[in-house]
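A.B. asks: Given chain A, put chain B in place with the hints provided.
Protein sequence lines correspond, in order, to chains A and B. Residue numbers for the first sequence follow my numbering, beginning at 16 and rising by one. Residue numbers for the second sequence follow my numbering, beginning at 16 and rising by one.
Warning: the hint list may mix true and false statements.
Pairs count within a copy or across copies, as identical chains cannot be separated in the list.
Simulated crosslink set (SDA-like; lysine to any residue; CA at most 25 angstroms straight-line) [as the list claims (entries may be wrong)]:
#  : residue 1 : residue 2
1  : 306       : 448
2  : 423       : 159
3  : 341       : 558
4  : 37        : 340
5  : 564       : 547
6  : 423       : 324
7  : 341       : 411
8  : 336       : 618
9  : 47        : 60
10 : 491       : 501
11 : 306       : 126
12 : 564       : 146
13 : 423       : 57
14 : 656       : 198
Because the hints were derived from the structure by calculation, they are not lab data.
Number of protein chains: 2
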Amino acid sequence: MFPKRTIYLQTVSPEEAVRRAKSVLERERLIKEETIASQNACGRVLSRGVHALHSSPTFHSAAMDGYAVNARDTFAAREGHPLSLFPEQNCFAVNTGQPLPEGCDAVIMIEQTVQKDGHILIESPVFPWQHVRRIGEDIVATELLFPRNHLLRPWDIGALLSGGIWDVPVWERLSVRIIPTGDEVLDFLDRPHPDKGQVIESNSQMLAALFREKGCLAERMAPVQDDPEALHQALLSSLHSDSHLTVFCAGSSAGSKDFTRSVLEKEGEILAHGIAVMPGKPSLLALCQGKLVVGVPGYPVSALVCFKELLDPIITWLMHKEPDAKNCVPVELTRSIPSRIGMEEHIQTAIGRVGNKLVGTPLGRGAGNITTVTRAQGIIRISPSCEGFNEQETVMAELSVPETLLDKVLVCIGSHDNTLDLLADELMGLPEPVQLVSGHVGSTGGITALANGACHLSGMHLFDPVTDDFNFPFLKKFLPELDVTVINLAIRHQGLIIAPGNPLHIQGLQDLTRVRFINRQKGAGTRVLLDWKLTQAGIKTSSIQGYEKEENTHMAVAANIMTGAADCGMGIYAAARALHLDFIPLALERYDLVIPTCFLQDPRIQAVLDLLASPAFQRRIESQGGYDTPLTGQIMQPGIKGIS
Amino acid sequence: MFPKRTIYLQTVSPEEAVRRAKSVLERERLIKEETIASQNACGRVLSRGVHALHSSPTFHSAAMDGYAVNARDTFAAREGHPLSLFPEQNCFAVNTGQPLPEGCDAVIMIEQTVQKDGHILIESPVFPWQHVRRIGEDIVATELLFPRNHLLRPWDIGALLSGGIWDVPVWERLSVRIIPTGDEVLDFLDRPHPDKGQVIESNSQMLAALFREKGCLAERMAPVQDDPEALHQALLSSLHSDSHLTVFCAGSSAGSKDFTRSVLEKEGEILAHGIAVMPGKPSLLALCQGKLVVGVPGYPVSALVCFKELLDPIITWLMHKEPDAKNCVPVELTRSIPSRIGMEEHIQTAIGRVGNKLVGTPLGRGAGNITTVTRAQGIIRISPSCEGFNEQETVMAELSVPETLLDKVLVCIGSHDNTLDLLADELMGLPEPVQLVSGHVGSTGGITALANGACHLSGMHLFDPVTDDFNFPFLKKFLPELDVTVINLAIRHQGLIIAPGNPLHIQGLQDLTRVRFINRQKGAGTRVLLDWKLTQAGIKTSSIQGYEKEENTHMAVAANIMTGAADCGMGIYAAARALHLDFIPLALERYDLVIPTCFLQDPRIQAVLDLLASPAFQRRIESQGGYDTPLTGQIMQPGIKGIS
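Isolated chain A, as found in the complex:
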């Protein structure tokens, strides 16, 4: 029971790994030329310079609608002394683009003529070649239209056809074969229901989309089991195919079932195993039979980093293209990010403009969590020699979205509620869409964000037993200087989430000492409410098994009950209902949005307020179950709790 494990080789920087790949790949032999129709060549790269076959225009032509003339016939015209020209004798009606009649060398714009008694009057002379497009003015036959390795853009297609170039020599499209691996993966094509120990294979599709976005052909094969022989066959099949590049998804790490390295060693040479970047470390590059083979880590965020740091620069070079420019902007951090010396770290970060600064909220580091990427507007790169950054420090972030989008983002940091999802969805349906970027840090985390000017609004449901009021006592204590407006989002039902049918016969708090509990994190409003209820009931937290196990959202608590990892947790009704669980109500609580008053006139905040006031949105909130909306959209005042 001590399976053999591959222990990592020395990690190298991504730049070094890319350099090694470029130095051994014979680009000119690997990527062939092909000839394709010019009209289909947009986005392709010319393999040779292209010279025009035809001139454009091929004749002197009218550049304006009007009358073609010989300029010397007009020299006598001047203001106040109109000159008569005679149609079909010394002036000829022409439309833009038509050839000049024999003997003409200029065009008079129609606007500068007067028609009278069958002739044409002009009051100023014209110069030779006025309003005439001359032969070859645009393109002269034989001239170089585009040099080799030029990336063709839409307007280039127009120039090619105008120059009589019907076909162009281009580099063939880079073809990639993607092979998912793993005993535990389920093929998404089977529309599976994952069981314990199984995961839906999705990295191959993310990678295929990334490759296609870069202009590659990407073919995804059926998943291969963790079996050296099957992997070897899959490798050989790819090497013998037309693919230029083979990608194995997962199996490149140091686990006992990670066979990618040993399989690649049979057919070629390992170029790099392990890069000094987190996530992304277990990346593997090999040269097999003249082709590049890449082992991409199994975690989705690692796979993405492997693509961006290794695959993208290599395929860009193979395609004779220029790398995309990175757009970096300074952001102020809403929390600190410690980092390990010796490895570059990439931190997915939610970014938005709040007031006159960009604020960045580092999202979780879990390499397995693809939603950290989908929720991020950029990454913060921490160099190997840096120990990290402090809260409120301004650092550079590399954007993954257009910078203009940051101005359309509404940053919401605080407690999480499903109603915020509804709000996010509705905001994107407005004529001027607003993107709600939310950081789930609990109600007290939201207070910190408000204090630091790091958000436009904060979701809060902090109950103060002393004053029997929500939110205001905490705002008064921790944010005495900040002028905020408190708007109710909804009234929520809080209670115990339990398994369907209540098999353990849980009746209330008193039963928590005999079941496995799952808790919310410290600072969360739900946790405050629970602790208060426990104190009232005289129950010691140490007597509750699992009290120290924390989840960060209601839904994560509910998921624990659903899967049997815990028997009971405190949360909102909506979470219980969403996962078909039972629910024992304990209390109503006010969930408010706290908005710095200076942002109240911001059109994005106004859009939120308009939505909250709309009966349709209130109905949508209530339809989730476990919410009441009598106060929704109303401004709250201290000391007026508003609920029983």
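C.D. replies: Only chain B this time, still in chain A's reference frame:
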């Protein structure tokens, strides 16, 4: 013979035209929803918010390779006092991603263990949930993965599949029908040889490529004649098809054969005819049977402006997408640009970084010249209230290429020579490609550019009869302060370009007085040489018919001879040969590259010098005919002419 003409309506700003289109188009009725497989949805926009069906992970799993344990079994371990764990009893080998065995709640990294005598030693305790990915850590079932109108990116595909979403509701792809029109257009599919009065139809393909680049489906129909009935049928056919948008290429102007407007009026309402932008003015927008119909001007640059200013914002809105951000940079102008009050003007501009500034060379304004776009790195927008800009003024330019590319550009302003095309082609073939951006302003224009620090190098072939030397006398006179290095590009054969077979029996300069001549522009080296030869021969320029007709390049001169527009012109042998014309040699001339010495160590200039020194490139120069290369790549000195 006074055909009816449509005189323009009042022009409107592009913003106003777009506003009108948006206000009458019923987006939600026009663009339907459809359901497609998630893995094919990258680049598409969700029509509804999407909630996860599965959690990810669906089970507690190992986040590292190592041993799964129950944390409380490890609490006794400490440094110097290793604790033994027993495989398959209280510790279990796990690979990353595998489910935790029953009863385990933590993972010890393999690197922090020692195997000894069949058991596992650890020297520090682990905490509960250490190196464990918990249920729903990434995605919790029912949570909102993406709001409506979210543009799906590659990583989003991963999140959709991980969340068990196999199909997604998206807005259908925008479908565009493009109809080229005009009696004079030739269908490029026929691979035509354009005759006088004919043009190769290419705008439809540029537009199709532009639409496709934005994610639309674009269908291009066969060209339709300038016939109201045929145009009407084409319109009806498009309105009855699945297309959302119909584009007529050309026919939207005010010429006697521009029927687009009258045809559209039969089926709907004109929204705007004429926009206050040059080029692009004759754009036409109409609403016909609930669909948008656009008349795009016939000139390619006008068509492009019409797309960018009208079509792009409208289709972006129809697709529920965000407009692309514009990247604007300050550039110093190498020449003045006068502009008309009342119209916005777009000036195609060649841009590159010279020293520590970006310099911009306005390219020609001809709306018919697509090569002004293909050669430009951006545009300068001159507002309707601005009378233009002065030479050396710094103005904002809107880039059409990635900004990083500007650092790879080598700016060459001066005389034009075909050998520069060869150089441009070779430079793009280097491992670090260099883009040669050239402005054709003649040799003396090059001196001005050098004086203004507006270029990296300048092509020059100025002969000074007084000193019997090339280039140096002019550099000494006009650039006494500038330290330049002069490198020979090639020796060129200059002479008279004449029709094949020499039908007019031209023998030399003395015959110019009896034929139709075509000249080069003032300041061009060829013009200087001609004037000197004429003076030597005692021939008055006023005796030469066509002496006042100027072209800006050798090839344009040759094209005039080829088409019979002129009988004879002065130019280089290469131009005559390229168009199969005859040539009467008059002189050899030195064509040099003048490089400010401060740029000599620039890697891009070094690349040029390396190429010039290579025998292969010298052979390529000579293979054009009319060039000698004994001096190519050598540094020239004043007073040493080097040729006879």
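A.B. asks: Given identical chains, is residue 423 near residue 159, meaning Cα to Cα at most 25 angstroms, within a copy, between copies, both, or neither?
C.D. replies: Only across copies: residue 423 and residue 159 sit 19 angstroms apart there, 44 angstroms inside one copy, limit 25 angstroms.
A.B. asks: Are the CA atoms of residue 656 and residue 198 at most 25 angstroms apart within a copy, between copies, both, or neither?
C.D. replies: Answer is neither; intra-copy 55 angstroms and inter-copy 78 angstroms both fail.
A.B. asks: Taking 25 angstroms as the upper bound on the Cα-Cα distance, should residue 306 and residue 126 be classified as within, between, both, or neither?
C.D. replies: neither (66 angstroms within a copy, 33 angstroms between copies)
A.B. asks: Using 25 angstroms as the alpha carbon limit, work out where residue 564 and residue 547 are close: within a copy, between copies, both or neither.
C.D. replies: within (18 angstroms within a copy, 95 angstroms between copies)
A.B. asks: 25 angstroms Cα cut-off: does residue 491 pair with residue 501 within a copy, between copies, both or neither?
C.D. replies: within (12 angstroms within a copy, 76 angstroms between copies)
A.B. asks: How do residue 37 and residue 340 come out at 25 angstroms by Cα distance, when the copy is not named: within, between, both, or neither?
C.D. replies: within (20 angstroms within a copy, 33 angstroms between copies)
A.B. asks: Using 25 angstroms as the alpha-carbon threshold, which applies to residue 423 and residue 324: within, between, both, or neither?
C.D. replies: For residue 423 and residue 324, the Cα distance is within 25 angstroms only across copies (22 angstroms; inside one copy 29 angstroms).
A.B. asks: My question is about residue 47 and residue 60: at a cut-off of 25 angstroms on alpha-carbon distance, are they close within one copy, between copies, both, or neither?
C.D. replies: The answer is within: 12 angstroms in one copy meets 25 angstroms, while 35 angstroms across copies does not.
A.B. asks: When no copy is named, should residue 423 and residue 57 be tagged within, between, both, or neither for a Cα gap of at most 25 angstroms?
C.D. replies: This pair counts as between: shortest inter-copy Cα distance 22 angstroms, intra-copy 32 angstroms.
A.B. asks: First find the shortest C-alpha distance between residue 564 and residue 146 inside one copy, then the shortest across copies, and answer within, between, both or neither for a cut-off of 25 angstroms.
C.D. replies: The answer is between: 14 angstroms across copies meets 25 angstroms, while 81 angstroms in one copy does not.
A.B. asks: State whether the alpha carbon distance between residue 341 and residue 558 is at most 25 angstroms within one copy, between copies, both, or neither.
C.D. replies: neither (54 angstroms within a copy, 61 angstroms between copies)
A.B. asks: Pop the pair residue 306 and residue 448 into one bin, within, between, both or neither, using alpha-carbon distances up to 25 angstroms.
C.D. replies: Only across copies: residue 306 and residue 448 sit 24 angstroms apart there, 46 angstroms inside one copy, limit 25 angstroms.
In terms of the numbered hints stated before, the structure departs from hints 3, 11, 14, listed from lowest to highest.
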